[in-house]
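Novice: Next come the chains, spelled out residue by residue.
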Amino acid sequence: MALIKEFRDTDRLIRRQRPPHKTGAPILKVNGLGVRFENNVALKDITFELRAGERLALVGPNGAGKSTLFKVIAGVLAPTEGEVNVFGQEPGGHICIAYVPQRSQVDWNFPVTVADVVMMGRIGKVGLLRWPKRKDWEAVHQALDLVGLEGMSNRQIGELSGGQQQRMFIARALAQEAELMLMDEPLNGLDLNSQEAIFHILDELRQRGITVMIATHDLSQAAEEFDRVMLINHKLVGIGLPGQVFTPALLLEAYGGSLRLIPRGSEVLAIGDTCCEEGGKG
Amino acid sequence: MSMTEFILEPLQYAFMIRGLLAALMVGVVCATVGTYVVLRGMAFFGDALAHAILPGVAVGYLIGGGAREPLFWWGLLAAVASSLGIGAISRGTKIKEDTAIGVVFAGMFALGIAMISTVRSYTVDLAHFLFGDVLGVSGGDLWLIAGFGSAIVLVTLIFYKEFLVLSFDPLLASTLRLPARLLEYLLLILIALTIVVSLQTVGVALMVAMLITPAASAFLLTRRLPVMMGLAALIASLSGLIGLYLSYYASVASGAAIVLTSTVFFGLAWAGKTLQSKYLAAVYHGAENQAGGQV
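Sequences listed follow chains A and Y, in order.
The numbering of the first sequence is our numbering, which starts it at 1 and goes up by one.
The numbering of the second sequence is our numbering, which starts it at 1001 and goes up by one.
These are calculated hints, taken from the structure and not from any lab test.
Owing to the predicted nature of the structure, the values given are computational and were not obtained by experimental measurement.
Ideal placement from N, C-alpha and C gives every residue a C-beta, glycine not left out.
There's no promise every hint is true.
Said to hold, decoys possible - Within a straight-line C-alpha distance of at most 27 Å, the following computed DSS-like cross-link-like pairs (lysine-lysine) qualify:
(1) A:Lys235 x A:Lys29
(2) A:Lys44 x Y:Lys1094
(3) A:Lys44 x A:Lys235
(4) Y:Lys1161 x A:Lys135
(5) A:Lys125 x A:Lys135
(6) A:Lys125 x A:Lys29
(7) A:Lys125 x Y:Lys1161
(8) Y:Lys1161 x A:Lys133
(9) A:Lys29 x A:Lys44
As the list claims (entries may be wrong) - Facing chain Y, according to a computed beta carbon distance under 8 Å, are these residues of chain A, among others:
(10) Ala74
(11) Gly75
(12) Val76
(13) Ile97
(14) Ala98
(15) Tyr99
(16) Pro101
(17) Phe110
(18) Pro111
(19) Val112
(20) Thr113
(21) Met120
(22) Ile123
(23) Gly124
(24) Leu128
(25) Gln156
Based on the provided sequences and hints, a complete structural model is requested.
Specialist: The following block contains the structure:
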């Protein structure tokens, strides 16, 4: 029975020790990456590296390919060109990458509790045909504790506020023991307090050496809160320190006509197409 | 007539007892699998699959000459083949999934009717396939239902957490390297098996109701998946029980009586839920007004 053999192989794959991470190697290395859907070029010629513990903002207009890039890095989508290396390996060899979906992509009426969702991050560790053990529940509750949701672990997920929903997914990534977190517009539609709470948690993650890549629409926040920023519009427009990347020329190249540049003294204020709850394919 | 007599009278007939046992078991199996059908929005797929097995049943009918067993095995073959076929078609073409399902399901259903209509006395038998014949369940049928039914429930429980992740967040399933494609086909096969096991209770035409109505009622009443499964199983079993008594005393077709009962349960759950949220909203506004008055 091919089915049983396949399950056994997969079980072995997801439960075995992680392949050794080459220390000093960049956590993520993307080289000449391209993704094409039929006649539609979503991404082309993207090359960059991420260092362990770094916090990178991924910025670009709607439909620039931000979610697509995340999906390729997470190993969900196969690139049509180029290659992605995570700790020196193909993305498929790792389960230490966590993808945090946009809130609009989640069915909040699904009959699960906060703890149930966080436990989902553990099932790679638990393995097929096995039930979670005590140490798995401990990991879940530690993760919930870290994001400040311990008291809400038995709530149905629809009862959470937007910021709490986002924190729940961060807890899931922690329970998964992810080392690279890809977060798709986690700050969209959150009030300032909730955003601050999330950045506070991100500081905590940085201390644990967890690398975070966040798609965002907020250019000034990207400039203030992140180590480096990356500007894309199907292709890589720029990556580096905010001051090097958020220049009028590069911003105009990424956003085209949908960006307004307002001169203000010696500085230029850029207003991107800040957008919409239903960010689409981002 | 006393209550005891009311309950016991139908039970003096062996066919009623067999029918009740069948309805109870089928209820539990359908509710368990149906929970995923509801959560994943596969109601149309379930309906289509139930219709698409008719040619298989027809082959069993033509070969077996009225025997029950060939119906079951040929139905099983058709169900598994159609579920995998529909899965493959909806993956591989430019046509939208529901269109592909519609084309396959109507075509297969017509083929089944055409085959059965070659037999002269076909209307009676066709009616049994379409609307079920739970009172005609034999002892052998009961064993088949019990065997396959417990296997279905067991597999659903064994893969509980994998099916949960696959249904809630397929992207997580693939980042965690779960065999997502295999699990999806496994779920399709479970739905196919469930339909064949339930065929005799409500028939092809009403099958989708057994899959979704109890699970949908339970979905309205709870916010936890295990509770939803249990509640759905309870509602489905009660519907089978009440439906059969209804059928006995009111001389109504058994399959229709079972489905109508579960529809009433759904209506009650929906009404209760609507009233509850209206009441809560009223209380909330009341409290708000009061607080406003005090300022």
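Novice: The structure should be examined with respect to each hint, and the outcome stated for every one.
Specialist: Hints, verified against the model:
For the proposed pair Lys235 of chain A and Lys29 of chain A, the alpha carbon gap of about 16 Å is at most 27 Å, so the pair holds. Between the alpha carbons of Lys44 of chain A and Lys1094 of chain Y the distance comes to roughly 25 Å, so the proposed pair stays at or under 27 Å and holds. Straight-line distance between C-alpha atoms of Lys44 of chain A and Lys235 of chain A comes to about 5 Å, which keeps the hinted pair within the 27 Å bound. Proximity of Lys1161 of chain Y to Lys135 of chain A is assessed by CA-CA distance (about 17 Å); at most 27 Å being required, the pair is judged to hold.
For the hint pairing Lys125 of chain A with Lys135 of chain A, the CA-to-CA distance comes to about 11 Å; that is within 27 Å, so the pair holds. At most 27 Å may separate the alpha-carbon atoms for a hinted pair to count; Lys125 of chain A and Lys29 of chain A meet this at roughly 25 Å. Taking the CA atoms of Lys125 of chain A and Lys1161 of chain Y, the gap is near 12 Å; set against the 27 Å cutoff, the hint holds. A hinted pair counts as satisfied when its Cα atoms are at most 27 Å apart, and Lys1161 of chain Y with Lys133 of chain A qualifies at roughly 13 Å.
Restraint check for Lys29 of chain A and Lys44 of chain A: satisfied, since their Cα atoms lie roughly 15 Å apart, inside the 27 Å limit. At a threshold of 8 Å, the smallest CB-CB gap from Ala74 of chain A to chain Y is about 5 Å, leaving the interface hint in force. Contact between Gly75 of chain A and chain Y, as hinted, is supported at the beta carbon level, the nearest pair being about 6 Å apart and thus within 8 Å. Given hint, Val76 of chain A at the interface with chain Y, holds; its Cβ is 5 Å from that chain's nearest Cβ, closer than 8 Å.
With a least beta-carbon distance of about 6 Å to chain Y, the hint placing Ile97 of chain A at the interface is held under the 8 Å criterion. Restraint check, Ala98 of chain A versus chain Y: the minimum CB separation of about 7 Å is within 8 Å; hint holds. Nearest Cβ of chain Y to the Cβ of Tyr99 of chain A: about 5 Å, under the 8 Å cut. The hint holds. Interface hint status for Pro101 of chain A: upheld, as the beta-carbon distance to the closest one in chain Y is roughly 6 Å, under 8 Å.
Annotation: interface hint on Phe110 of chain A holds; nearest CB of chain Y at approximately 5 Å, less than 8 Å. The beta carbon of Pro111 of chain A comes within 5 Å of a beta carbon in chain Y, closer than 8 Å, and the hint placing it at the interface holds. The interface hint given for Val112 of chain A holds, since its Cβ lies 6 Å from the closest Cβ of chain Y, which is under the 8 Å cut-off. Nearest Cβ of chain Y to the Cβ of Thr113 of chain A: about 7 Å, under the 8 Å cut. The hint holds.
Annotation: interface hint on Met120 of chain A holds; nearest CB of chain Y at approximately 5 Å, less than 8 Å. A hinted interface residue such as Ile123 of chain A counts as satisfied when its beta carbon comes closer than 8 Å to some beta carbon of chain Y; here the least separation is about 5 Å, so the hint holds. Taking 8 Å as the C-beta cut-off, the interface hint given for Gly124 of chain A holds, the closest approach to chain Y being about 4 Å. Evaluation of the Leu128 of chain A hint against chain Y yields a held restraint, the C-beta minimum of about 7 Å falling below 8 Å.
With a least beta-carbon distance of about 4 Å to chain Y, the hint placing Gln156 of chain A at the interface is held under the 8 Å criterion.
Checked against the numbered hints above, the structure breaks none of them.
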